[in-house]
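Colleague: Listed below, chain by chain, are the residues.
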Amino acid sequence: MLDIIELCKGVLELGFIYSLVVIAVFLTSKIISFDDLTVEGSFGIGGAVAACCALWGFNPLVAILFSIMSGILAGIATGLLARKLNINGLISGLIVTTALFSVSKKVAGSAMVTIPADANLFNCVGIPTHLNKFIILASVSFGALFFVKWLLRTEFGSMLKALGCNPQLLTNLGKNINGYTIATLSIANGLTACAGALFVNYTSFFSLTGNIGTFIYALAGLMFAEIFSDKLGVAIILGAIAYPALYMITIQLQLDPDLTKLIIALLMVTMLLFKRKSIKHVAMR
Amino acid sequence: MVRVDSITVDFDGVSALSNISTVVNNGDFVVVVGPSGSGKTTLFDVISGTVNPSQGSIFLDDIDITDVSEKKRACHIGRLFQNTHLSSAPCMTVAENLALAMCKDKRIGVHSLMCAYKKEVSELINNIIRPIIPNIDELLDCPIGRISGGQRQIISFVMATLKPPRLLLLDEPTAALDPQSATKLLLFAQEFIAKKKITTMLITHDPHLALSIGNKLLVLDKGVIKSEFGQDKRNISPDNLIGQIDYQAIAKNF
Amino acid sequence: MKKISVIIGIVSLSIILVSLQIVQKKSKNSLFKIGVLQTASHPALDRVCDGFVQELESRFNGKIECIIKNAEGSVAHAQTIATSLIADRDIDAFFSIATLATQVMANKESQRPVLFSAVTDPHALGINNHSNVAGVSDMTDVNATVNLLKELILTAKTVALLFNTGEINSVVMTKALCLSLEQNDLQPIEIGITSESEIPTAITVACKKADAIITPLDNIVALSIDMIAQQALLQKKPLIVSDNLLVEHGAVAASGVDYKKVGKKSAEIMIDLLGQKKEPQEIGIVTVPSDQIVINEQICDALDLVIPLSLKNAAIMIGEK
Numbered sequence: 124m125l126d127i128i129e130l131c132k133g134v135l136e137l138g139f140i141y142s143l144v145v146i147a148v149f150l151t152s153k154i155i156s157f158d159d160l161t162v163e164g165s166f167g168i169g170g171a172v173a174a175c176c177a178l179w180g181f182n183p184l185v186a187i188l189f190s191i192m193s194g195i196l197a198g199i200a201t202g203l204l205a206r207k208l209n210i211n212g213l214i215s216g217l218i219v220t221t222a223l224f225s226v227s228k229k230v231a232g233s234a235m236v237t238i239p240a241d242a243n244l245f246n247c248v249g250i251p252t253h254l255n256k257f258i259i260l261a262s263v264s265f266g267a268l269f270f271v272k273w274l275l276r277t278e279f280g281s282m283l284k285a286l287g288c289n290p291q292l293l294t295n296l297g298k299n300i301n302g303y304t305i306a307t308l309s310i311a312n313g314l315t316a317c318a319g320a321l322f323v324n325y326t327s328f329f330s331l332t333g334n335i336g337t338f339i340y341a342l343a344g345l346m347f348a349e350i351f352s353d354k355l356g357v358a359i360i361l362g363a364i365a366y367p368a369l370y371m372i373t374i375q376l377q378l379d380p381d382l383t384k385l386i387i388a389l390l391m392v393t394m395l396l397f398k399r400k401s402i403k404h405v406a407m408r
Numbered sequence: 004m005v006r007v008d009s010i011t012v013d014f015d016g017v018s019a020l021s022n023i024s025t026v027v028n029n030g031d032f033v034v035v036v037g038p039s040g041s042g043k044t045t046l047f048d049v050i051s052g053t054v055n056p057s058q059g060s061i062f063l064d065d066i067d068i069t070d071v072s073e074k075k076r077a078c079h080i081g082r083l084f085q086n087t088h089l090s091s092a093p094c095m096t097v098a099e100n101l102a103l104a105m106c107k108d109k110r111i112g113v114h115s116l117m118c119a120y121k122k123e124v125s126e127l128i129n130n131i132i133r134p135i136i137p138n139i140d141e142l143l144d145c146p147i148g149r150i151s152g153g154q155r156q157i158i159s160f161v162m163a164t165l166k167p168p169r170l171l172l173l174d175e176p177t178a179a180l181d182p183q184s185a186t187k188l189l190l191f192a193q194e195f196i197a198k199k200k201i202t203t204m205l206i207t208h209d210p211h212l213a214l215s216i217g218n219k220l221l222v223l224d225k226g227v228i229k230s231e232f233g234q235d236k237r238n239i240s241p242d243n244l245i246g247q248i249d250y251q252a253i254a255k256n257f
Numbered sequence: 364m365k366k367i368s369v370i371i372g373i374v375s376l377s378i379i380l381v382s383l384q385i386v387q388k389k390s391k392n393s394l395f396k397i398g399v400l401q402t403a404s405h406p407a408l409d410r411v412c413d414g415f416v417q418e419l420e421s422r423f424n425g426k427i428e429c430i431i432k433n434a435e436g437s438v439a440h441a442q443t444i445a446t447s448l449i450a451d452r453d454i455d456a457f458f459s460i461a462t463l464a465t466q467v468m469a470n471k472e473s474q475r476p477v478l479f480s481a482v483t484d485p486h487a488l489g490i491n492n493h494s495n496v497a498g499v500s501d502m503t504d505v506n507a508t509v510n511l512l513k514e515l516i517l518t519a520k521t522v523a524l525l526f527n528t529g530e531i532n533s534v535v536m537t538k539a540l541c542l543s544l545e546q547n548d549l550q551p552i553e554i555g556i557t558s559e560s561e562i563p564t565a566i567t568v569a570c571k572k573a574d575a576i577i578t579p580l581d582n583i584v585a586l587s588i589d590m591i592a593q594q595a596l597l598q599k600k601p602l603i604v605s606d607n608l609l610v611e612h613g614a615v616a617a618s619g620v621d622y623k624k625v626g627k628k629s630a631e632i633m634i635d636l637l638g639q640k641k642e643p644q645e646i647g648i649v650t651v652p653s654d655q656i657v658i659n660e661q662i663c664d665a666l667d668l669v670i671p672l673s674l675k676n677a678a679i680m681i682g683e684k
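Chains as they are written, first to last, in the working numbering: chain A, 124 to 408; chain B, 4 to 257; chain C, 364 to 684.
Bound-form chain A, shown alone:
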């Protein structure tokens, strides 16, 4: 007998973690039109820092804070490379992600690090129930969503939106394009690093290769989210859940495992065909 609730819980929990990355990619790719590959590295360094802090016996909440800071630094690095050294945005992100691979390994100490149970965030925070992980992850996911929604409504957020559609306007208003770009990259990578830290606590171990595919995952999540809505909202979280959900369906249907990726691609195309928005609107942006 299949425990559907357990199944859904697992998919949702993973979706909540990755929703932070999807929000981050929304901020960079959609708001400021900067495709940021740094997220792949930030996810890793966030996990590495969390693992390192766990081994050193830090409070898991403090560990998350340190993880977020490491993500912010990664974002700043990419921003400086892109704006001050005028390196192409994608390449800047790639450079930082490559560097972070080595940094993550050094910080974590080894390619695979187990998080001791007493240092695990989910064992220290919240109520020790079966649903603890779910509640915490859902809270963080929605919390991040509401934070970014609020941010985009502020003066600061409006500058970011303007930066994305017409950087010249920022110059006309006497504002610093570099500053806003770096600030956005910092926020986005801080969120991603937080996701990485949560992932490491969720799986109870850090793996050096655990961050591979994060950017693609997030882009796919963003694409799915656009099916439901263009604006930043619950659609983002639904989009982040869609990919693991699709994968789960292919597993459950016991389809030929070699064809899994092909089937997911076909399912993605089918879902995208249901997209309400016409192609014209996308081009106009």
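Keep in mind the hints are simulated off the structure, nothing from the lab. Hints may contain errors.
Said to hold, decoys possible - A few chain B positions that, by computed beta-carbon distances, are all more than 12 Å from chain A: (1) D31; (2) S60; (3) F62; (4) L63; (5) D64; (6) R76; (7) C78; (8) N86; (9) K107; (10) C118; (11) L127; (12) I139; (13) G148; (14) K198; (15) N218.
Said to hold, decoys possible - Restricting the straight-line Cα-Cα distance to at most 20 Å, the calculated cross-link-like pairs of lysine to any residue (SDA-like) are: (16) C:K627 with C:K599; (17) B:K121 with A:F279; (18) C:K471 with C:D451; (19) A:K229 with C:K538; (20) B:K74 with A:K229.
Virtual Cβ for every residue (Gly too), placed ideally from N, Cα, C.
Starting from the structure of chain A, add chains B and C where the hints point.
Modeller: Frame of chain A; chains B and C shown alone:
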């Protein structure tokens, strides 16, 4: 007062501007004309800071701003472009754009944009915009990229002159507009500029406009100033300015 | 349009959920249902899985159902598969192959037995206190490997160790190999790689700097063995591997673990667990001796290596001329 002193701009060996010097006094309205490629837009770029001159200096009220960044100059030098989308954020609504323009010269905080400037935007719409665009209320929640070019350019003008700049650069603002919208914008702009006494420079290809607006005429050709004409250009026949500019004819009539 | 999409979505979801229930029902004939999670596809791990499944099927006369899933090296996929397997309440026990699968499985399931296999350093996983976990370690006896090298390649002074810095098994074994080599008066040179694309450069450097090359148990090495062996042969440098299955791809020899035997041993332990003859805690971690020597005669000839008679008698010879 703006002084352009021996400005030369070279792009990969091609001289866009050669040893340009001119003075724009406070309250002047200078019209800049010339054939395509004569360096009119480049001159504006140098003044606004988009392009760095290879040689020469720019002075604003006797302060050397040659090394001042474009964004710092933007607080004192306003600019409107031929491309109606360049002076606003196309993805944001009209109301948001107006609120954004209020942020010039102010520290950016984390207050809600629309709440912080609700009153000011309301006043702006009632006092200045509604007389010229009566249906502004319908447009407030439209993305500014979707409204008509004429309306967008008017709003861009309002945004650029919210805090009257020391110098206003209008780079063929009506070139992409239909004649009706163009006239509307120009009448509005002229009235506003006269009222607020804003020092203005205008680039245009329209000979009739060149002769009917402003108090000075600057003629550029191949990166040099061919002629400068002071007050009263009424004697120049507009036909002399069409296509290749006949400078002798201008000189004769002036 | 939106309403229709939502309705179609709900209907499709319902169809999927119903069909999931149908698919998941344990077939009436099976006595037991085992959930198997393999970390990645590669020859050694595939053999473990085959050995395990074949042994179980022969002992239960086919009345056993194994759900076999492969995470293809991705942590996120391993997580999702583990969630899926654990959600199936009909599964009686779990079998995880290699480190990643074990980490994920052991951390998610705390009730039903989890048997792991092909994990080089189980203690590093921090699952010692999990009462439902037991396993088979495939740690190769590094001393045996080094002795093999000494007997076959008499003139060796420096030995290059080609390994994946991103794989914990690899790193642990390399460290042990270094120690053993130094104890045997040989100088180790560590050459670490992080991906397959770095192999050509790494192997060229290894051939230049050392007299012989040893590779530990390693996924990337396993996948690129043909390239590595080819280059080593070209440069006339002997290659000793840790996985018996790789010798036929062009290595000189190996003193390693027979992965099919590992699979078989795992099956025997699983049978004990299923029949509740033993508790996981009692079984703990079992090792399979890695003393089976395999020598590739063809490569030895190509490199002018002399195989001592004692070794010839004890080893499995492959690559007959």
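Colleague: Over 12 Å to the closest beta carbon of chain A is the bar; see if B:S60 clears it.
Modeller: With a cut-off of 12 Å, B:S60 remains clear of chain A, as the shortest Cβ separation is near 21 Å.
Colleague: Is the nearest Cβ of chain A still more than 12 Å from the Cβ of B:L127?
Modeller: Correct as stated: the minimum Cβ-Cβ distance to chain A is 16 Å, above 12 Å.
Colleague: Would the non-interface assignment of B:L63 survive a Cβ cutoff of 12 Å against chain A?
Modeller: holds (14 Å)
Colleague: Quick one: work out the minimum CB distance from B:F62 to chain A and report holds if it exceeds 12 Å, violated otherwise.
Modeller: With a cut-off of 12 Å, B:F62 remains clear of chain A, as the shortest Cβ separation is near 20 Å.
Colleague: Run the C-beta distances from B:D64 to all of chain A and say if the shortest one exceeds 12 Å.
Modeller: Given that every Cβ of chain A is farther than 12 Å from that of B:D64, nearest at about 17 Å, it holds.
Colleague: Should the label of B:C78 as a non-interface residue stand, given a Cβ cut-off of 12 Å to chain A?
Modeller: violated (4 Å)
Colleague: Under the criterion that the straight-line Cα-Cα distance not exceed 20 Å, is the pair C:K471, C:D451 satisfied?
Modeller: holds (13 Å)
Colleague: Check whether the Cα positions of C:K627 and C:K599 lie no farther apart than 20 Å.
Modeller: This hinted pair is violated, its Cα atoms lying about 37 Å apart.
Colleague: Checking the smallest CB distance to chain A, is B:K107 really beyond 12 Å?
Modeller: violated (5 Å)
Colleague: B:D31 clear of chain A by more than 12 Å, beta carbon to beta carbon?
Modeller: For B:D31, whose nearest Cβ neighbour in chain A is about 22 Å away, the distance exceeds 12 Å, so it holds.
Colleague: Given the hint that B:K121 pairs with A:F279, does the C-alpha gap stay at or below 20 Å?
Modeller: Status holds; Cα separation ~16 Å.
Colleague: Non-interface claim for B:N218: all C-beta distances to chain A beyond 12 Å?
Modeller: holds (26 Å)
This entry does not satisfy hints 6, 7, 8, 9, 10, 13, 16, 20, going by the numbered hints stated previously.
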